[in-house]
Amino acid sequence: MHAVFLLGPCERPLSFGPNRIPSIVCFQIQDNLRKGFTEDGSMEHPEPGYKEASLSIWIRREVRVLSTCLSIYLSELDYQAALDTVHQLAITCASSPGVLRGLASIMGRIYLQVGSFVPYYSVMP
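Take the numbering used here: the last position of the sequence shown gets the number 1156, and nothing is skipped along the way.
Keep in mind that a hint or two might mislead.
What the hints assert, rightly or not - SDA-like mimics (lysine to any residue), calculated; alpha carbons at most 25 Å apart, straight line:
#1 K1066 x Y1081
#2 K1082 x C1124
#3 K1066 x A1112
#4 K1082 x I1103
#5 K1082 x R1065
#6 K1082 x I1055
#7 K1066 x I1103
Said to hold, decoys possible - Here are the computed distance ranges between Cβ atoms for each label pair:
#8 G1080 x F1058: 18 to 24 Å
#9 L1086 x G1129: 43 to 49 Å
#10 D1071 x A1135: 34 to 40 Å
#11 G1133 x M1074: 32 to 38 Å
Everything labelled a hint here was simulated from the structure, so no lab data went into it. Don't be surprised by glycine CBs; every beta carbon is placed ideally from N, CA and C.
Kindly generate the complete structure, drawing on both the sequences and the hints.
Structure (structure tokens):
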């Protein structure tokens, strides 16, 4: 995990889209935990408390990394990458209505900066 982040969590390798590397690592770790293994996939059936706590920690880490990438993309005026990151955050935080409202607000601000209102209204109910 640290080796991936030392490369820079928001770098865009040619073979991957924006945010792909940290998302892949976080997804693999979360997938291992959901399947009953530890983070690295080595131990079967960790204690339920360990599994829940670790999964929660890794979801929060993924959200922090994506939020940092979002800030970087907005500072670089890379609006498409910012929108992709907002969509990825919406998927990760789908169970939290308050967070989704905040993400909808961020998405609206991005579309305002771009000068395009049509996509914003097509996304909002």
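Tested hints:
{"no.": "1", "hint": "K1066 x Y1081", "result": "holds, 13 Å"}
{"no.": "2", "hint": "K1082 x C1124", "result": "holds, 19 Å"}
{"no.": "3", "hint": "K1066 x A1112", "result": "violated, 31 Å"}
{"no.": "4", "hint": "K1082 x I1103", "result": "violated, 32 Å"}
{"no.": "5", "hint": "K1082 x R1065", "result": "holds, 8 Å"}
{"no.": "6", "hint": "K1082 x I1055", "result": "holds, 19 Å"}
{"no.": "7", "hint": "K1066 x I1103", "result": "violated, 33 Å"}
{"no.": "8", "hint": "G1080 x F1058: 18 to 24 Å", "result": "holds, 23 Å"}
{"no.": "9", "hint": "L1086 x G1129: 43 to 49 Å", "result": "violated, 20 Å"}
{"no.": "10", "hint": "D1071 x A1135: 34 to 40 Å", "result": "holds, 36 Å"}
{"no.": "11", "hint": "G1133 x M1074: 32 to 38 Å", "result": "holds, 37 Å"}
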